[in-house]
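Enquirer: The lines below spell out each chain.
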Amino acid sequence: MTASSNGPMVKFENVTKRYGALTVLDSLDLEIAANEKVSIIGPSGSGKTTVLRMLMTLERINDGVIHVDGEPLTHMQKNGELVPADERHLRRVRGKIGMVFQHFNLFPHMSALKNCMEAPVNVLGLAKKEAEERAAELLDMVGLGDKKGHYPSQLSGGQQQRVAIARALAMRPKVMLFDEVTSALDPELVGEVLNVIRKLGTEHNLTMLMVTHQMGFAREFSDRVCFFYGGKICEQGKPEELFGNPQQERTRQFLSAVLEAG
Amino acid sequence: MNLRSLAVCAIVFFVAGLSVASFASFREFLPGLLEGALITVEITIGGCILAVVVAVPAALAKMYAPWPLRWLAIAYIEVFRGTSALVQLFWLFFVLPHFGILLEPLTVAILALGLNVGAYGAEVVRGAVSAVGRGQWEATVALNMPRTMALRRIILPQALVAMIPPWGNLFIELLKATALVSLITISDLAFKAQQMNQITFRTLEIFTIVLVFYLAISILITVGMRTLESYAARGLARGR
Amino acid sequence: MKFWDWNYTLEILPALLKASVVTIEATILGFIIAAILGLALAIMRMSENRWISIPTAGFIEFIRSTPILIQIFFVFFVFPEFGIVLPAFVAGVLAIGVHYATYCSEVYRSGLENIPKGQWEASIALNLSPYITFRDVIIPQAIPPVVPALGNYFVALFKETPLLSAIAVLELMQTAKILGSETFRYIEPITLVGVFFLVMSLIAAWLIRRVENFLDRSLRNPGR
Numbered sequence: 000m001t002a003s004s005n006g007p008m009v010k011f012e013n014v015t016k017r018y019g020a021l022t023v024l025d026s027l028d029l030e031i032a033a034n035e036k037v038s039i040i041g042p043s044g045s046g047k048t049t050v051l052r053m054l055m056t057l058e059r060i061n062d063g064v065i066h067v068d069g070e071p072l073t074h075m076q077k078n079g080e081l082v083p084a085d086e087r088h089l090r091r092v093r094g095k096i097g098m099v100f101q102h103f104n105l106f107p108h109m110s111a112l113k114n115c116m117e118a119p120v121n122v123l124g125l126a127k128k129e130a131e132e133r134a135a136e137l138l139d140m141v142g143l144g145d146k147k148g149h150y151p152s153q154l155s156g157g158q159q160q161r162v163a164i165a166r167a168l169a170m171r172p173k174v175m176l177f178d179e180v181t182s183a184l185d186p187e188l189v190g191e192v193l194n195v196i197r198k199l200g201t202e203h204n205l206t207m208l209m210v211t212h213q214m215g216f217a218r219e220f221s222d223r224v225c226f227f228y229g230g231k232i233c234e235q236g237k238p239e240e241l242f243g244n245p246q247q248e249r250t251r252q253f254l255s256a257v258l259e260a261g
Numbered sequence: 000m001n002l003r004s005l006a007v008c009a010i011v012f013f014v015a016g017l018s019v020a021s022f023a024s025f026r027e028f029l030p031g032l033l034e035g036a037l038i039t040v041e042i043t044i045g046g047c048i049l050a051v052v053v054a055v056p057a058a059l060a061k062m063y064a065p066w067p068l069r070w071l072a073i074a075y076i077e078v079f080r081g082t083s084a085l086v087q088l089f090w091l092f093f094v095l096p097h098f099g100i101l102l103e104p105l106t107v108a109i110l111a112l113g114l115n116v117g118a119y120g121a122e123v124v125r126g127a128v129s130a131v132g133r134g135q136w137e138a139t140v141a142l143n144m145p146r147t148m149a150l151r152r153i154i155l156p157q158a159l160v161a162m163i164p165p166w167g168n169l170f171i172e173l174l175k176a177t178a179l180v181s182l183i184t185i186s187d188l189a190f191k192a193q194q195m196n197q198i199t200f201r202t203l204e205i206f207t208i209v210l211v212f213y214l215a216i217s218i219l220i221t222v223g224m225r226t227l228e229s230y231a232a233r234g235l236a237r238g239r
Numbered sequence: 000m001k002f003w004d005w006n007y008t009l010e011i012l013p014a015l016l017k018a019s020v021v022t023i024e025a026t027i028l029g030f031i032i033a034a035i036l037g038l039a040l041a042i043m044r045m046s047e048n049r050w051i052s053i054p055t056a057g058f059i060e061f062i063r064s065t066p067i068l069i070q071i072f073f074v075f076f077v078f079p080e081f082g083i084v085l086p087a088f089v090a091g092v093l094a095i096g097v098h099y100a101t102y103c104s105e106v107y108r109s110g111l112e113n114i115p116k117g118q119w120e121a122s123i124a125l126n127l128s129p130y131i132t133f134r135d136v137i138i139p140q141a142i143p144p145v146v147p148a149l150g151n152y153f154v155a156l157f158k159e160t161p162l163l164s165a166i167a168v169l170e171l172m173q174t175a176k177i178l179g180s181e182t183f184r185y186i187e188p189i190t191l192v193g194v195f196f197l198v199m200s201l202i203a204a205w206l207i208r209r210v211e212n213f214l215d216r217s218l219r220n221p222g223r
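Top to bottom, those sequences are chains P, U and D. All residue numbers for the first sequence refer to numbering that gives the first Met the number 0, where the first residue is 0 and numbers rise by one. All residue numbers for the second sequence refer to numbering that gives the first Met the number 0, where the first residue is 0 and numbers rise by one. All residue numbers for the third sequence refer to numbering that gives the first Met the number 0, where the first residue is 0 and numbers rise by one.
Excised from the complex, chain P in its bound form (with noise of 0.2 Å):
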């Protein structure tokens, strides 16, 4: 299937998430274009790590479109109409993101090569030897090439998360999504998670969308940075006018309040 390469790479288009009474998301319209890197800020509550996991088709949606690499994600095209999109079709579209969790979760019963190798292998059909050498090189580029053999259980938290980096970039995703990833590291953990994260965004063609709370690397990594509040977009924009001088009131309490805190 052939994608637009004009148009966003993702779109969310009026889409609103409701756990029974209480929206999550509400109306909420986000354009990304390719390669672009977008971090997502925001008090707890404010939806951010939902839009990332419908995104990710981990939730379901109550209202609107998501749109992937120019075709709908959620939604298929039959007889010319748009509906919910059954499961060869999520599978199919899917397959262009990739996700890394604030709780790694990592294959315990597996080892770091294998981790990166086990859906290569059993969901792209790939050959043992070829997914075997490209999850040594990730393994390499994320600095762990001597850890192949390791057990999870055998590697500290910022290491299980780089490994989990590379298990997720084995599967070619045109899209990566970053929830939290640093938040569950111990403070000295965290530097060498985002390197690799930076090394990602300038050696790789990846569009990138990162829920954090680490504002510094928001601030210098980022082309755009979204505040969320109530399930909204309160405040966009690149990353020097949103720190530097934000405009709505809100945008300005959160980041003193992260500030001071930091």
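Please keep in mind that the hints were generated in silico from the structure rather than gathered at the bench. For each residue, glycine too, the CB sits at the ideal point set by N, CA and C. Mixed in with the good hints there might be a few duds.
[What the hints assert, rightly or not] Covered by chain D, per the in silico footprint, the following chain U stretches (three or more residues, Cβ under 8 Å):
#: 1; stretch: 149-161
#: 2; stretch: 187-196
[Said to hold, decoys possible] Taking CB as the label site, the calculated pair distances span:
#: 3; chain 1: D; residue 1: P129; chain 2: U; residue 2: L95; range: 54 to 64 Å
#: 4; chain 1: U; residue 1: A64; chain 2: D; residue 2: P129; range: 52 to 62 Å
#: 5; chain 1: P; residue 1: G142; chain 2: D; residue 2: V210; range: 31 to 41 Å
#: 6; chain 1: U; residue 1: A64; chain 2: P; residue 2: V82; range: 17 to 27 Å
#: 7; chain 1: U; residue 1: E77; chain 2: P; residue 2: R249; range: 53 to 63 Å
#: 8; chain 1: D; residue 1: N6; chain 2: U; residue 2: F98; range: 52 to 62 Å
#: 9; chain 1: D; residue 1: F61; chain 2: U; residue 2: P164; range: 41 to 51 Å
Mind docking chains U and D on chain P? Use the hints.
Expert: Same frame as chain P, but now just chains U and D:
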């Protein structure tokens, strides 16, 4: 109790049991009891295997299958857990012939006990699979893995380790339940105990030795399961 | 030969209902023994005196790991050798009660061990006697969480009562066997017994869940 002391206990019990039997007078009933013990072990092993073979599909069906299969699994689990093993044993023994199904008593015994323990086992499997963290499932979605593959390669291997101790308890329950087959005239250890008692009237010795035999076998089961658990856990956490 | 004879079913129903009374009596008496003896065993097991705790642990392990049937035989056939002759019903209920006391003792033990050490320490600081400590501080906190587990053992005990048929106690299973052997029709009596147990277990399971919910709510909002 650690592994080694349990193993030592089992060996001591067996040796004590057998050496006590070297007294000539015990030779009156000991061979008979040993014959019975063999049958008991046979039924235990057969029943345990059947229980596992039945429990895993039943649990997975109850959790993930479309509704006709799911209802079947739920019905099986509820009926076999809700009625007692003896009733099930008798029912299969007396009623199956009416349906034209003629089985040897030994087979009926293994069938009844295996299905009974299998129903409890299904709940153990279900509990262990549910206990695998949600994050693991989400990682498989992020890697675009189909559900059956995720279950087979990622979830079940992790559930396996958690399952082993409860299964150990269930296997011991099965061992104890084998005594029931004496009531449908199968010559197991319990039956032989009563038989030898009628012949020799050495009531105290016979029943004490029989209790010790059962204890020894159950200790062996516990030792076996602990060993299995340590092998399985090594697969999850090498280098610890 | 007819597959299921409804007339026969109605004929045998009264006898089975009479027998079910015996079954229920055996269950309740057995469980009373199990619940009380179980608590005693649990406390002995946790004693700091190793001469008490270790033999108790051994006893519990021994009883738990061997079949109830053999234990029933033991009480019924072996005790008379020592001069203790018990009627079948008493022997059977005693054996089942002691067996399940060992299960209950493990349940009590986990409940007691879950009490934070601070509770014991506060009682010492307030100079409360061990008896008062147990009665007013420990037991009221230890029991409610374990009631569901005890309830499950009650149901399990109920389902073990057919074992009493082995020593000819006229409970449900024995009655069904006798009825069956008189007419050579076993399907109806045994199926009815099975259905009876199934229905009673489902009712008991529902009751236990209601007790669980009640305790949950009253524990989370004490005083409501």
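Enquirer: Each hint should be assessed against the structure and marked as holding or not.
Expert: Quick rundown of the hints versus the structure:
1. Note: the stretch 149-161 of chain U has 0 residues with beta-carbon separation from chain D under 8 Å; the three-residue rule is not met and the coverage is violated.
2. A stretch counts as covered by a chain when three or more of its residues have a beta carbon under 8 Å from one of that chain; for the stretch 187-196 of chain U and chain D the count is 4, and the coverage holds.
3. Between P129(D) and L95(U) the Cβ separation comes to about 57 Å, which falls inside the hinted range of 54 to 64 Å.
4. Checked against the hint of 52 to 62 Å, the pair A64(U) and P129(D) passes, with Cβ atoms roughly 54 Å apart.
5. Taken as a hint, the range 31 to 41 Å is violated for the pair G142(P) and V210(D), whose Cβ atoms sit roughly 57 Å apart.
6. Between A64(U) and V82(P) the beta carbons are some 26 Å apart, a value that agrees with the proposed interval 17 to 27 Å.
7. Restraint check, E77(U) to R249(P): a C-beta distance of roughly 54 Å satisfies the suggested window 53 to 63 Å.
8. In this structure the supplied range 52 to 62 Å is violated for N6(D) paired with F98(U), their Cβ-Cβ distance being about 21 Å.
9. Between F61(D) and P164(U) the beta carbons are some 20 Å apart, a value that contradicts the proposed interval 41 to 51 Å.
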